[in-house]
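Visitor: Chain by chain, the residues:
Protein chains: 2
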Amino acid sequence: MTTNAAPPHVLIVGAGPAGALMAILLGRRGYQVDVFERRADPRQLADTEVERRSINLGLSHRGITALTRVGVIDDVMRTSVRAKGRVIHASDGRLTFQPYGSNEREILYSISRIALNRELIRRADEMENVRFRFEMRCEELDRDAGTAMFRGPDDRREHVDSDFIVGADGAYSTVRLWMHRNERADFHQEYLDWGYKELLIPADADGRSRIELEALHIWPRGNALIVSHPNPNGSHTVTVFMPWEGERSFSALQTEAQVTRFFEEVFPDLPELVPDLAAEFLAHPTGSLVATRTAPWHHRDRCVLIGDGCHAVYPFYGQGMNAALEDCLVLDDELGRHPDDRAAAFRAYQRARKANTDALLELVKRNFDELRDTANQPSFVARKKVDLLLHRLFPDRWIPLYTMVVHSTMPYAEALERHKKQEALLRKLGVDAVLAVSLAVVVGARRLVSRRKRRVAAQVQAPLPNA
Amino acid sequence: MTTNAAPPHVLIVGAGPAGALMAILLGRRGYQVDVFERRADPRQLADTEVERRSINLGLSHRGITALTRVGVIDDVMRTSVRAKGRVIHASDGRLTFQPYGSNEREILYSISRIALNRELIRRADEMENVRFRFEMRCEELDRDAGTAMFRGPDDRREHVDSDFIVGADGAYSTVRLWMHRNERADFHQEYLDWGYKELLIPADADGRSRIELEALHIWPRGNALIVSHPNPNGSHTVTVFMPWEGERSFSALQTEAQVTRFFEEVFPDLPELVPDLAAEFLAHPTGSLVATRTAPWHHRDRCVLIGDGCHAVYPFYGQGMNAALEDCLVLDDELGRHPDDRAAAFRAYQRARKANTDALLELVKRNFDELRDTANQPSFVARKKVDLLLHRLFPDRWIPLYTMVVHSTMPYAEALERHKKQEALLRKLGVDAVLAVSLAVVVGARRLVSRRKRRVAAQVQAPLPNA
Chain A
1 MTTNAAPPHV
11 LIVGAGPAGA
21 LMAILLGRRG
31 YQVDVFERRA
41 DPRQLADTEV
51 ERRSINLGLS
61 HRGITALTRV
71 GVIDDVMRTS
81 VRAKGRVIHA
91 SDGRLTFQPY
101 GSNEREILYS
111 ISRIALNREL
121 IRRADEMENV
131 RFRFEMRCEE
141 LDRDAGTAMF
151 RGPDDRREHV
161 DSDFIVGADG
171 AYSTVRLWMH
181 RNERADFHQE
191 YLDWGYKELL
201 IPADADGRSR
211 IELEALHIWP
221 RGNALIVSHP
231 NPNGSHTVTV
241 FMPWEGERSF
251 SALQTEAQVT
261 RFFEEVFPDL
271 PELVPDLAAE
281 FLAHPTGSLV
291 ATRTAPWHHR
301 DRCVLIGDGC
311 HAVYPFYGQG
321 MNAALEDCLV
331 LDDELGRHPD
341 DRAAAFRAYQ
351 RARKANTDAL
361 LELVKRNFDE
371 LRDTANQPSF
381 VARKKVDLLL
391 HRLFPDRWIP
401 LYTMVVHSTM
411 PYAEALERHK
421 KQEALLRKLG
431 VDAVLAVSLA
441 VVVGARRLVS
451 RRKRRVAAQV
461 QAPLPNA
Chain B
468 MTTNAAPPHV
478 LIVGAGPAGA
488 LMAILLGRRG
498 YQVDVFERRA
508 DPRQLADTEV
518 ERRSINLGLS
528 HRGITALTRV
538 GVIDDVMRTS
548 VRAKGRVIHA
558 SDGRLTFQPY
568 GSNEREILYS
578 ISRIALNREL
588 IRRADEMENV
598 RFRFEMRCEE
608 LDRDAGTAMF
618 RGPDDRREHV
628 DSDFIVGADG
638 AYSTVRLWMH
648 RNERADFHQE
658 YLDWGYKELL
668 IPADADGRSR
678 IELEALHIWP
688 RGNALIVSHP
698 NPNGSHTVTV
708 FMPWEGERSF
718 SALQTEAQVT
728 RFFEEVFPDL
738 PELVPDLAAE
748 FLAHPTGSLV
758 ATRTAPWHHR
768 DRCVLIGDGC
778 HAVYPFYGQG
788 MNAALEDCLV
798 LDDELGRHPD
808 DRAAAFRAYQ
818 RARKANTDAL
828 LELVKRNFDE
838 LRDTANQPSF
848 VARKKVDLLL
858 HRLFPDRWIP
868 LYTMVVHSTM
878 PYAEALERHK
888 KQEALLRKLG
898 VDAVLAVSLA
908 VVVGARRLVS
918 RRKRRVAAQV
928 QAPLPNA
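So the protein sequences, as listed, match chains A and B. Numbering (this note's numbering) for the first sequence: 1 to 467. Numbering (this note's numbering) for the second sequence: 468 to 934.
Don't read these hints as lab results, they were simulated from the structure. Where a beta carbon is used, it is the ideal one built from N, C-alpha and C, also for glycine. Worth double-checking, as some hints may not be accurate.
[To be verified] Residues from chain B shown here face chain A by an in silico Cβ test under 10 Å; the list is partial:
| no. | residue |
| --- | --- |
| 1 | Leu659 |
| 2 | Trp711 |
| 3 | Val757 |
| 4 | Ala762 |
Working from the sequences, and respecting the hints, build out all of it.
Guide: Here's what the structure looks like:
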């Protein structure tokens, strides 16, 4: 392939947010883009269906950066709700607000997956060289030829040629399956022993939110966890996380009486917020949570994976979709950097991303422990305060982990590494000492502590280049 | 199922060493045992075919314990070669002997996989209630019903009923696949970026071994490794391990000239031991090395996995087959302990084994680094000496890792844990100090060092119960 040849023809399998964004990016490069999607066109779903089927996402800095590049961010934000922090609901009903960052820009945008998906498909579909086909299920593909066989509605089969295939078809990717067949491919799949179930806190009769609208709400209980995301109509989508089996588990809640008793004991403020809670709980399906890691991410210059197809994570950091959108930017950049060698572009893309998405999985597992266990505990809250204070004192040198992961585009692996160093330093100096010094500095006793501050400052790291 | 009911009917899929041993054990319990195997009956292979196809195994304490229980150990040992240690072949041609243990019983038995397999099948087949069927490929199974469909020679399909199914069908287990289908099953598969290729050092014209017979031979070169196992006829099966890709790799050796130059440079004593080395090297296939971890290991009381089907490891500790045979003992014991609740037996079996086979994979990865990198280095040799000296001084309290893994039945996870503690202690006390004290003790200056010895002794751990 040379830059003078006809533009490449790419087949994208999967029209979720990552597949649709990739279509826009490659369309802008002049590629001929075909996107084949197993499901129906989300633009044609009735609103009630959308509400029933959609899950909510927390769009943050990485996703915003990606959507900004293709100019859809303003439209996307219009269908989202700003969330400035999280409201912790304690067992005794006490509420605590924890801001997500230290300034106005460090917030999340709660958006439904389908709303985002529709917007991206709409934009991609406006491009002349991008074509969507829905209800087309990929049945097999030839990784060396770049061809694939689809089955459409009415069982019709259709053969598709391409120069290369992008697998954007999710955690159970068919593209990955065929790409790795009889290859020495690493593949790691693990299910959390917790499942999840969704419920809805509707808006009140006047269309107002029954709880603080511009926030995520968290009910951390150690062996059970609820997280809710706000919707633009004032409702909140509630996700109940719990073990599948055991004394306190989904399998232990089989009757309305059991469900009612459980919520009264564990989440006493929920029954008055969710109408028909017990009946709804039993009627809704329980979903499983899968995490995957794999390699390689590509086959020569013919197939490449993006998003959940190469790195599905649990939802406890709100980064799965943000990381998938970030993949698209990196892949697009590498294709730009290697216009005559697509295999080199794919290699560079995998090299740039895999260590980071592996680190993301580790971060997500840590955040799961934090969310369900410690978000609630005084020691955690104190630590969080120290973290934010140090950040305020040394904004370039000390950055809370959450800020690096959610509010920056620092590579995940680097964020994890820096965090480990910060933790080690905090252990060495002692949380209490640092807290005392930091507080003293903040309240203005600067002269008194200037030497101790300098000592602390000397030990934190060099300024960050891109945070 | 009660103890008074008809004996259970078990279908074992796979007649390798683990499947055949399991058949003997369950046959002895009075179960009705059907063993279905995909390949042809190994008892009917011509000897040349056996030599061509078989790989060699190092039978050690765990495997010996299992074979002793079913009374086949004497016959098995007759077809094996004792290996008292390893001979390290350095780049400059220097040979060093490292004993495998500190006494006569701490040795390995080198045996061909097919010889072992034949003996186990022969013994199982003598039992009235055990029946073998060869060339029967498992195509699907119903994990809830305990039924399976096989395809035999001539493409005939055959339906088999059972009370429960044992999956002994290896790293690419079909039983596992069907047992886990649409389940929340963990599955981890990773390929080493090294492959392997087998060669043969034949006996000389008088039928004598050309190198020390009663030993494994190791050629550690960092980025390439050769290991050889002795055969009863005086030959040695040589396995060349090397990266698939890169400067020094299988893919870089494509012509006889390249192969010849490579061996002359890296393994200069091999060309005179392996006739037609370059031609043989290019003619033999290159194999891949896979490791897997998974869960669950069973489905209710209907399906259960043993051996590589639930925990394939790389071959660098010689424990894959030993661990598989140990599985059989534990599963058999648990079935004995829970005569009326097979699901409980399977649960207890997985609980007893999985943490240990996970630890084994970690041990194997560490031993790979040791074998290829450090077996050769003075610091490693010194460390090994300290290890053995400490073991001699405190035989119950200080046990070298290799001894725990290979010459005991201590659970692998416990061995790894103890080793980590021993390493930490050695780091704390200092290798040199311990070496000096130990040497002094050994050479007889006992009085001089008695206080220091007591201090060291006080820090090593409590006696081991079963080492």
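Visitor: Hint numbers the structure violates, sorted upward?
Guide: none
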